[in-house]
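Asks: Sequence:
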Amino acid sequence: MMTGRRPTISSMNGIVAAAHPHAAAAGASILAQGGNAFDAAVAVASTLNVAEPYMSSLAGMGLATCWIAAEQRVRTLDFVPRIPMAFPADKFSKREELARGSASVGVPGNLAGWMELLERHGTMPLRDVLAPAVRLARSGFPVTEFNIVENNATEPELRAYPDLYGPWAKNYTDGSGLLAKGDILRQPDLAATLEGIGANGPAEFYARLVAHMKATGGSVSLEDIAAARPVWSAPATASYRGLTVNVPPPPCEGFQFLLALAILDGIPLAHLERNGIEHVDMVWRAIRLSAGERIAHNNPSPEKLAEMLSPAYLEKLRARVRDGKPITGPTEQWMEPGPDPAAEHHTTSFSVADRAGNLICITQSIGSPYGAGVIVPGTGVTLNNFLYWADVQPRSPNRSRPGGALPMCMSPSISLKDGKPVLALGTPGSYGIKQTQTQALVQRVDFGLDMQDAIEAPRGRLWDGRKVTAESRFDANVLEELRARGHDIEVGPAWTMRVGGMHGISIDPATGAKTGGCDPRRDGYVVPAA
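Last residue of the sequence shown: 530 (this note's numbering), numbering continuous.
Heads up, a few of these hints could be off.
[As the list claims (entries may be wrong)] Derived lysine-lysine pairs resembling BS3-like cross-links, with alpha carbons at most 27 Å apart:
1. Lys170 <-> Lys181
2. Lys91 <-> Lys214
3. Lys181 <-> Lys94
4. Lys170 <-> Lys214
Worth flagging that the hints you see were computed from the coordinates, not collected in a lab.
Between the sequences and the hints, there should be enough to build the whole structure, so can you do that?
Replies: Set out below in structure tokens:
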């Protein structure tokens with residue numbers, strides 16, 4: 001029976017859920033060739049660089065959470081490098097000064113992360129897993145509606161930067177700056193760059209990047225790149241309804257997601273009306289409190305994080321959730337005013353499961369749409385603008401320093417039940433990432449929705465103060481009552497990328513069946529391995 005929803009896609013052999021069909025297909029092809037989830041993940045990541053260049057780049061940054069079947073444990077990989085040693089932090093006093101251009105470029109980490117995943121746990125050579133991306137960049141592909149929207153929405157802003165606009169427009173639009181239905185996006189320079197990296201490694205690319213930084217006012221050096229080694233570590237964890245939820249530890253800011261879940265774990269939700277007043281109110285209140293805790297205690301020590309997740313600490317927060325009084329507080333950074341919500345959603349997340357039992361969830365980004373707007377000449381590679389996420393406000397307690405950690409709001413997650421992986425969930429959405437994950441996990445766990453339905457359920461995005469953008473698929477009477485309870489709600493479209501673009505995989509522990517879910521708010525697709 002046709003229902004108007006996306007079909008359930010499952011597999012026994014392996015499955016990929018990613019933000020673009022070409023990327024999901026690239027990962028599935030690697031699995032079909034006998035590669036494992038780590039091989040496929042690098043194929044997906046690099047093909048996303050081609051298919052969604054406004055969100056993905058080998059010069060971006062990212063984080064991975066992995067269930068390693070051979071070791072029977074979860075490990076996380078942090079490939080978010082530290083702030084460049086020459087970053088002139090005292091030169092800036094507000095983040096808007098770092099919106100675009102070479103001054104906003106942080107040390108690239110994605111490529112190093114991909115190579116570490118492959119070298120540590122992969123089975124195929126780099127050139128083979130990059131081959132799908134090389135082919136797609138060289139042959140080109142017809143742009144999707146989402147490609148057109150993202151490109152054309154960014155064009156007016158980049159036009160204000162003459163030094164950036166020409167190379168950008170030439171690279172992605174044959175010089176016009178705009179895309180239209182029927183256009184073919186070919187990226188021969190990027191194809192040659194990826195092919196060269198696969199054959200000879202990244203040294204030549206990094207040398208070109210640093211030379212361009214020196215010529216255009218950037219602060220990234222070869223020494224910064226050499227020091228940017230991906231870091232494996234144990235995850236940060238919290239329990240939720242019998243699950244053990246795993247995310248990368250601080251300085252990753254995914255602990256906000258854990259904190260929201262830990263608060264809600266002491267508040268029964270399953271008996272409430274799904275998407276009703278009490279359900280939504282409780283979840284949004286827990287999200288806002290957990291965001292405030294993350295901002296107040298950014299990059300906590302292991303001891304501090306343990307205290308924040310302790311029963312006594314959580315009970316105080318639960319009491320605040322239950323008391324019914326309006327909650328006013330920040331959700332973004334300490335700095336005021338809050339950042340422009342339209343500029344902070346250019347991240348991507350994907351998950352891969354293989355027949356051997358490996359499961360990986362990766363979130364990677366270049367920051368704003370098309371990152372810094374800077375393209376390294378002759379490479380086809382767009383650079384990130386992650387120094388826009390450095391906190392440069394002079395009075396902030398979290399002010400960034402040269403060589404310091406760059407806290408990152410990504411939060412790729414893997415959940416275990418009885419010590420076995422059952423769920424991978426990740427999403428883009430900047431500081432809304434942890435909000436989207438909390439809302440979707442509640443739909444999945446408390447209300448029993450399958451993977452696809454949990455992702456498609458309506459969501460809200462909380463902003464500084466009391467503001468919430470709510471998808472219009474919530475009942476209007478529910479939203480009106482939530483306003484009366486202190487939520488300053490603006491009703492958005494029925495489907496909006498402001499609430500993320502989630503992709504995930506669930507695994508049936510009894511049968512081993514792997515089911516993918518993809519977000520219709522973006523170009524998400526699930527592809528099973530043959």
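Asks: For each hint, tell me whether it holds in the structure or not.
Replies: Each hint tested on the structure:
Using a Cα cut-off of 27 Å, the hinted pair Lys170 and Lys181 holds, with the two alpha carbons roughly 18 Å apart. For the given pair, Lys91 sits about 17 Å from Lys214 by alpha-carbon distance, which is consistent with the 27 Å threshold. Proposed proximity of Lys181 and Lys94 is contradicted: the alpha carbons are some 38 Å apart, above 27 Å. For the suggested pair Lys170 and Lys214, the alpha carbons sit about 23 Å apart, so the restraint of at most 27 Å is met.
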